[in-house]
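S.K.: For the protein sequence lines, the chains are F and B, in the order given.
Everything in the first sequence is counted per the numbering used here, starting at 58 for the first residue and increasing by one.
Everything in the second sequence is counted per the numbering used here, starting at 58 for the first residue and increasing by one.
Read the hints as simulated data drawn from the structure, not as lab findings.
Ideal Cβ positions, reconstructed from N, Cα and C, are used throughout, including at glycine.
Hints may contain errors.
Said to hold, decoys possible - Ranges of calculated distance between the beta carbons of each label pair, as one might list FRET restraints:
| # | chain 1 | residue 1 | chain 2 | residue 2 | range |
| --- | --- | --- | --- | --- | --- |
| 1 | F | H407 | B | H61 | 51 to 57 Å |
| 2 | F | N406 | B | H61 | 27 to 33 Å |
| 3 | B | P163 | F | E206 | 26 to 32 Å |
| 4 | B | R463 | F | E159 | 39 to 45 Å |
| 5 | F | P210 | B | E207 | 47 to 53 Å |
| 6 | B | T248 | F | Q381 | 29 to 35 Å |
| 7 | F | T248 | B | P237 | 58 to 64 Å |
Stated by the list, open to error - Covered stretches of chain F (in silico footprint by chain B; criterion: 3 or more residues with CB under 8 Å from a CB of chain B, positions within the stretch not fixed):
| # | segment |
| --- | --- |
| 8 | 343-354 |
| 9 | 431-439 |
Number of protein chains: 2
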Amino acid sequence: MKHHILPVSPSTVNWGYFSKVVAPALTLKSGDRATIETLTHHANDDHERMIEGDPGAESVFKWTREHKAIPRRGAGPTEGPFKLGSGEGVGVHLLTGPVAIEGAEPGDVLEVRILDVRPRPSCSACHAGRCFGSNVAASWGFHYHDLIEEPKPREVVTIFELDTSGEPFARAVYNYVWTPQTDPDGIVHSTIDYPGVKVDHSLIRKRENILQNVKVPARLHFGTMGLAPSESDYVSSIPPSYTGGNIDDWRIGKGARIYYPVAVDGAFFSVGDPHAAQGDSELGGTAIETSLTGDFEFILHKKNDLGGTILEGLTHPLLETDSQWSVYGFTFPNYLVELGVNAQTEVANHSSLDKAMRDAFRKLRRFLMTVHHLSEDEAISLLSVAADFGVTQVVDANWGVHGSIRKNVFVGR
Amino acid sequence: MKHHILPVSPSTVNWGYFSKVVAPALTLKSGDRATIETLTHHANDDHERMIEGDPGAESVFKWTREHKAIPRRGAGPTEGPFKLGSGEGVGVHLLTGPVAIEGAEPGDVLEVRILDVRPRPSCSACHAGRCFGSNVAASWGFHYHDLIEEPKPREVVTIFELDTSGEPFARAVYNYVWTPQTDPDGIVHSTIDYPGVKVDHSLIRKRENILQNVKVPARLHFGTMGLAPSESDYVSSIPPSYTGGNIDDWRIGKGARIYYPVAVDGAFFSVGDPHAAQGDSELGGTAIETSLTGDFEFILHKKNDLGGTILEGLTHPLLETDSQWSVYGFTFPNYLVELGVNAQTEVANHSSLDKAMRDAFRKLRRFLMTVHHLSEDEAISLLSVAADFGVTQVVDANWGVHGSIRKNVFVGR
Chain F
58 MKHHILPVSP STVNWGYFSK VVAPALTLKS GDRATIETLT HHANDDHERM IEGDPGAESV
118 FKWTREHKAI PRRGAGPTEG PFKLGSGEGV GVHLLTGPVA IEGAEPGDVL EVRILDVRPR
178 PSCSACHAGR CFGSNVAASW GFHYHDLIEE PKPREVVTIF ELDTSGEPFA RAVYNYVWTP
238 QTDPDGIVHS TIDYPGVKVD HSLIRKRENI LQNVKVPARL HFGTMGLAPS ESDYVSSIPP
298 SYTGGNIDDW RIGKGARIYY PVAVDGAFFS VGDPHAAQGD SELGGTAIET SLTGDFEFIL
358 HKKNDLGGTI LEGLTHPLLE TDSQWSVYGF TFPNYLVELG VNAQTEVANH SSLDKAMRDA
418 FRKLRRFLMT VHHLSEDEAI SLLSVAADFG VTQVVDANWG VHGSIRKNVF VGR
Chain B
58 MKHHILPVSP STVNWGYFSK VVAPALTLKS GDRATIETLT HHANDDHERM IEGDPGAESV
118 FKWTREHKAI PRRGAGPTEG PFKLGSGEGV GVHLLTGPVA IEGAEPGDVL EVRILDVRPR
178 PSCSACHAGR CFGSNVAASW GFHYHDLIEE PKPREVVTIF ELDTSGEPFA RAVYNYVWTP
238 QTDPDGIVHS TIDYPGVKVD HSLIRKRENI LQNVKVPARL HFGTMGLAPS ESDYVSSIPP
298 SYTGGNIDDW RIGKGARIYY PVAVDGAFFS VGDPHAAQGD SELGGTAIET SLTGDFEFIL
358 HKKNDLGGTI LEGLTHPLLE TDSQWSVYGF TFPNYLVELG VNAQTEVANH SSLDKAMRDA
418 FRKLRRFLMT VHHLSEDEAI SLLSVAADFG VTQVVDANWG VHGSIRKNVF VGR
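Can you make the complete structure from the sequences, with help from the hints?
M.R.: Below you can see the structure in the form of structure tokens.
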């Protein structure tokens, strides 16, 4: 077993997509461990608190008229002229990786154990050692066209500070309404439509003393984590799918194991979209987006060894915690196949919890029948009386419902 | 404070509906307590285990060619000829009550505290003292038109036994596929389409040794509980609505407080549909349906006293437990008003989790803004990072999503 270190830098992150064709940032063997840094793509909502003085973050976010450290942000076109910018923001998450797993082949399953998760402290002179995050009530939020107060619509950024002195929690520091921001290439972003645009704080009005007497219990986790799909060279990081990705389940934190079907040689694991806290549904469009570092262990399960294990027949992500298993239903189990050539943009036009519930039901039934050897009638009964279905997210185009079954339902296994 | 006893009998239950026009089974004052027996309407799935020898249950379920103790079952017509039977099964739950609250008027809020919940032991000679329930994978289940194994479709009854010797749990005893059953009036029920039909066990094939090594942790609760709506004289017990009813949230158990807006003079509280365990979604159509007895306390909050309390502006059910508040979103917040004269049957044609999520969002936002004095921007942020939305049920026509916020989010309140 070897322990690897994967810091963030322009050469160890990709911005806004999973890809089977990019060079791996790290290659390791089954059984190896890695400490992996991740950055929130919302760090520039407060550059001073979340980027300034942090060599890794500064190197990734660097963008002047002369030099853009990471030009492609998203799975879209990289030849201009651009409406939004290179990659066109079709996919927005900073993802560290990919990590290639030696010997991984399509049909295998990669198990990823999250051994630890730690927030990334600020390096700026004024805030050194403290940890911050950004929550954005965004145009892709469930609430956006359903607002009460004026002005409508509006996007709102709320900056939180994380207190880790005891049981960790977050408190709001201030918020502001998004105002048009001009990027170094001269494109004006009237809404939050391209990641990594530095917010000019002289153009926004900070409101302090907000969410007074409110403490948000922390749920440190990675919103986006998974493998490269096989269907396209560049796949938007926004819609979750059969190889994982932007699942946005806060249970994917310390102590969790998650299993992904391998779709391409080397598996090509990436992780990012780190969150300090999120509720089931991620209603406004984001969590408390906070840079995190994780310790991971990777175990490759070869195709021919899956029979008779909990991974038999697995064609989608599966979460295991100390107390339960969860499957993830999506509007489309594999939107890349189901929606054709324009799938990556088209998927947002069909978001449906009803379909995600259908998919979650089918996946959990299969798990109970294949892995726990129940008849369909036994499985349906158990699903009714002991399985819990929740709203994972209503903001990632391919909406999600998770279905969970507690382990203590099964005696003596 | 007075403590009342309300046993089950043909004169203390209604079958399949809430009603503002029936005679109260009990009238009490705010602050009073009551021990209320409830019966599962599925007890005749195994008459021997759940009815035989139990005077209360026998009196309610009695149905021969000459005598049907409770003729009306549902909010439908009571003049034949019938397709299904009197009331036509438009509403199916046995509800004890109504309990009238002295002085309750529209605009008030009734708080119901569940002090204790106990299973009702079998009285039959062979099973005396043991507790049983029935889970039905029914025609109204989410799975019904999406089955894998033959024959398709099919309804399946699974009988569970509840073990209360320690931390309570349920184990399956046997199951059977529903076969056509003829009621004492000669109507053949090819599917489970009318409540209280006694299953002739000579016509079914019991399968034992099912769900071996599976223990279902108990979640004793009342699936259906609430007040009479004002819109109709007889309202089906199936779709939940603004005065509560068939919410089917397993959190409505011991220790819970639930608040209902009063729609008619006297409030007219009823409770039934007792459950031993249910998962979020109640996927197959029912829980483990088990007769239960509860101890309740009733507190009337008058309209003019609601301002400045958590009940200010409340127009829908609100749950409070030790750790959280929950609101209930439905496809239609008040389907009786929204769907017109055929609302009680029409509602099943429009079931939607997406709409229920919308309703749950709006209700929880209102709670945070009105009760916790947050701005809309503060509320949206908090909903994203700390509120959890789950699938309450996908089987009660007016599908439900609950939104919950933990109390410990609010410091020093």
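S.K.: Mind listing which of the numbered hints don't hold for this structure, in increasing order?
M.R.: 2
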